[in-house]
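Trainee: So the chains spell out like this:
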Amino acid sequence: NAGVTQTPKFQVLKTGQSMTLQCAQDMNHEYMSWYRQDPGMGLRLIHYSVGAGITDQGEVPNGYNVSRSTTEDFPLRLLSAAPSQTSVYFCASSYSKARGGLDTQYFGPGTRLTVL
Amino acid sequence: GNSVTQMEGPVTLSEEAFLTINCTYTATGYPSLFWYVQYPGEGLQLLLKATKADDKGSNKGFEATYRKETTSFHLEKGSVQVSDSAVYFCALMNTGFQKLVFGTGTRLLVSP
Chain L
1 NAGVTQTPKF QVLKTGQSMT LQCAQDMNHE YMSWYRQDPG MGLRLIHYSV
51 GAGITDQGEV PNGYNVSRST TEDFPLRLLS AAPSQTSVYF CASSYSKARG
101 GLDTQYFGPG TRLTVL
Chain Z
1 GNSVTQMEGP VTLSEEAFLT INCTYTATGY PSLFWYVQYP GEGLQLLLKA
51 TKADDKGSNK GFEATYRKET TSFHLEKGSV QVSDSAVYFC ALMNTGFQKL
101 VFGTGTRLLV SP
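Protein chains in written order, with our numbering: chain L, 1 to 116; chain Z, 1 to 112.
Simulated from the structure, these hints should not be mistaken for lab results.
Accuracy of the hints is not assured; some may be wrong.
Unchecked claim - Example chain Z residues on the side facing chain L (calculated, C-beta under 8 Å, incomplete):
| no. | residue |
| --- | --- |
| 1 | Val82 |
| 2 | Leu100 |
| 3 | Gly103 |
Bear in mind the structure is a predicted one, so any value in this text is a computation, not a measurement.
Even for Gly, the Cβ is constructed at its ideal location relative to N, Cα and C.
Please build the complete structure, drawing on both the sequences and the hints.
Mentor: Written out as structure tokens, the structure is:
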């Protein structure tokens, strides 16, 4: 199993450009999520999905779009990049529990994004 | 709301020293508690977890006990190694919710 994979590892954008961060998992997990990691702020949840066709907003969703057309993939789209979106982005996945909540979350290696 | 507070780092120790990283939480109900570790250039890995009060999670020599009376989940290790140098995150998840809430992370630096 490859686990959770993310591409690219590094990306530099200019303000106003758009791009998609890719995330894929091969563990058949129902739940997938995107976090951003900023110094002194820990990880903050951007968007999450509990299954194909279902997405919801996290703590900091503005400026980001997601979709979940398959169980395996959960891309994160920046429609018009801003310097405030300079961060390290992590994708994570896990099984959902029968009574709600999540099993252990598995994280990808991250994408370091710089917006100039 | 739910929140996690960790001690600020960096924590700098010599090899074989005793480690404590403090973590306290605020949550309604009975959350599950986690410690994640992030090695340089990598994503987060689950280090240990505890799902109810008085549970002790342990892994790789690290331990943490879920203390409901003090709302704490402090991470300890008796003898740290250089390879333990990393950033450690405390996190919680409330029953029925599908979101992890993270602390800000504590960087540990261990010198030979």
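Trainee: Identify every previously stated hint that the structure contradicts and give their numbers, smallest first.
Mentor: 1
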